[in-house]
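Could you put together the complete structure from these sequences and hints?
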Amino acid sequence: MSSETKQILTTDGIPLEISLKKAERKNKIKAFLLVAPLLLFLIITYIFPIGEMFTRSIDDKMITNMLPKTFKSMETWDGKELPPEEVFASFLSDFKILVDKKEHGKLAQRLNKEKNGFNTITKKLFRLVKRNKIDETQSIKEQIMKVHKRWRNVEYWQAIKRTAPPYTSAKYLKAMDMYLNEDNKITQVSEDRRIHRILWLRTVEVAFFVTVFCFLMGYPIAHLLATLPMKYSNLLMICVLLPFWTSLLVRTASWMILLQQQGVVNDFFVMIGLVADDNRPEMMYNKVGTYVAMTQILLPFMVLPLYSVMKTISPSLMRAGKSLGGTPFVAFWKVYFPLTIPGIGAGCLLVFILAIGYYITPALVGGASGTLISNQIAYHMKTTLDWSFASAMGLMLLGGVLVIYWLYNKLVGVDNIKLG
Amino acid sequence: MALPKYTETRYRIWHYFYIAICTFVFIFLIAPLFVIFPLSFNAEEFLVFSEGMKNLDPDAFSLRWYKDMVYGTKNPWGLAAKNSFIIAIFATLGSVILGTVAALGLSSRHMPFKGIIMATLISPMIVPLIISGVAIFFFMAKAGLAATHTGIVLAHIILGTPFVVITVTATLSGFDHSVTRAAASLGSNPVNTFMKVTLPLILPGVISGGLFAFVTSFDEVVVVLFLAGLENTTIPIQMWTGLREQLSPTILAVATCLIVLSTLILISAELLRRRSERLRGINR
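Chains A and B are the protein sequences, given in the same order.
The numbering of the first sequence is our numbering, which starts it at 1 and goes up by one.
The numbering of the second sequence is our numbering, which starts it at 1 and goes up by one.
Derived from the structure by calculation, the hints contain no laboratory data.
Note that beta-carbon positions come from the ideal geometry of N, C-alpha and C, so glycine has one too.
Hints may be right or wrong, so weigh each one.
[Stated by the list, open to error] With beta-carbon atoms standing in for the labels, derived distance ranges:
{"no.": "1", "chain 1": "A", "residue 1": "I18", "chain 2": "B", "residue 2": "A119", "range": "29 to 35 Å"}
{"no.": "2", "chain 1": "B", "residue 1": "Y18", "chain 2": "A", "residue 2": "L20", "range": "55 to 61 Å"}
{"no.": "3", "chain 1": "B", "residue 1": "K5", "chain 2": "A", "residue 2": "D267", "range": "38 to 44 Å"}
{"no.": "4", "chain 1": "A", "residue 1": "W333", "chain 2": "B", "residue 2": "I27", "range": "25 to 31 Å"}
{"no.": "5", "chain 1": "A", "residue 1": "P315", "chain 2": "B", "residue 2": "H149", "range": "48 to 54 Å"}
{"no.": "6", "chain 1": "A", "residue 1": "L317", "chain 2": "B", "residue 2": "Y18", "range": "49 to 55 Å"}
{"no.": "7", "chain 1": "A", "residue 1": "I43", "chain 2": "B", "residue 2": "L3", "range": "29 to 35 Å"}
{"no.": "8", "chain 1": "A", "residue 1": "S323", "chain 2": "B", "residue 2": "S50", "range": "56 to 62 Å"}
{"no.": "9", "chain 1": "B", "residue 1": "H149", "chain 2": "A", "residue 2": "S169", "range": "50 to 56 Å"}
{"no.": "10", "chain 1": "B", "residue 1": "V48", "chain 2": "A", "residue 2": "L324", "range": "55 to 61 Å"}
{"no.": "11", "chain 1": "A", "residue 1": "L339", "chain 2": "B", "residue 2": "F34", "range": "33 to 39 Å"}
{"no.": "12", "chain 1": "A", "residue 1": "S233", "chain 2": "B", "residue 2": "M195", "range": "49 to 55 Å"}
{"no.": "13", "chain 1": "A", "residue 1": "K311", "chain 2": "B", "residue 2": "V179", "range": "39 to 45 Å"}
Rendered as structure tokens:
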């Protein structure tokens, strides 16, 4: 370093570089402070609770806290033959505490979920403990084994051991119609009880086809809107924007009226002779209703991004394509279509993300075969109150959406979302 | 869209086919909204066009269901409308204030971690509503805010801010920052600069973001279904219960009112958008 390069000083004698850095840092803090209130608010009320959904979905601490001594003494037990005296003794002492707290019922319920048959034998043990019939000076193992033959069965003790970890993946497996069997292997539930996988598949299927329908219907009108002169396109734009701004429930209600058996659509079909008056097809409370209503509701989300991309394509490009000898079809396919791909990506992913989490419309017009995974989540939140299961399914859905969102971000960029 | 005279027949056919498809799609989009209109004036209880209505017989039409909506006994719509408006107005105010301030920070070129923060701020818009509903319910239940107006307002602020953030950031992207520097060099403090210079210029974006937030709150049913108690019922909740139990013409009267409201909102949003484009110097 030659001493010739003199540092540039500001008027207060501080080197310019340091002074600039300081100002930069000040600006950074200022900008961050502006964002901070909203960021903090969202983290507390929204991001954390989503995290809480995760802990809730894997939480299995209840039983871990109920039988602390039992699980401690089980650590040395190999789980092949009946556990030693020590395990029985600590199980009894844990059980006595639970009886005092009147929580033995909860234990029986939880254990019964792990293996059928625990309810009866826990009740029998409870009666004995209640009447103080167990002599602590004798072998506790012998006495418990006498209560019921199942207490002599090693499988039941293995089942207790399986509940030891404070965390469980059971809810996630249940959402995929699977469970952990006795040997800790992932097994499928019997065929007649596989309900969730159908729902997942149906959700993806509905979202996929709604996206396809939206694309097929949205592309031509976005093209028309982008190529018509301003004064006509503004008028037609209302047809896209009015549904966009109208309440979702209003639009669902109007589809319920249109699609019912005595509804306008059926009237029209009868009028043009497509169907007989006494043989009107059922168009609601099935997948047809879901598809039609969801396509109409989500169509604006396809048209708007497509339109904003098509608007920027100069018409002279198509003319150039044609003048170079392409037929209108070739010019469209080779010139126009590739330029609209960013809009197609944006529209499709937006519609798909919205459709995959749809709840209200399928619940109203879908009937039984229109139930999607979101309806199942709501059902477990509100009716069965199995919140951890609802959380698990919600997070699986969220995982899928985040993957799509990440793709969207890669392809289009989040900042490019346009509204109206 | 007139075709040039030399167009070949097959392209002519294709063109008319294309126009036909577009017409069909536009009808598909807009017609459902217009079905509700005449049916809400039905004199009878059925949700089909009666013979009288098809013949335009004046006796087949009546304001019966509108009267029922306003004066009906044991009628939930009054309370629901009041709640909906109160909740939507406060939620809009909250979203606009938090969202605009955050957008100002995000648009600054000094903002650190811009990408991840932006993604976090607009995540409530991307995450499916049912999941947001579950998460927000867990929070509100813990905070003791379930089944209160405050809880629902906070929930709707969460759902509404992304729209404000997006519209205001978009407005600010065309914003000439030299005007704020000019104000500062003339001795104005930052708050004063914001109120007198920045805000009037970005106002169209702020208001249109606010409109989005208002509609989001006014129309929101999934999260409210988890949070609302009997006294917090809103118009969407009443419509949801009504549609599940039975479609009554009163619901159609309410729906007609909502369509009128959304038309008004659409008109104001469009006017604002045009004004904003004019201010930003975008001429199309």
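Checklist entry - Among the hints numbered above, which are violated by the structure, and what are their numbers in rising order? => result Failing hints, ascending: 6, 7, 9, 12 and 13.
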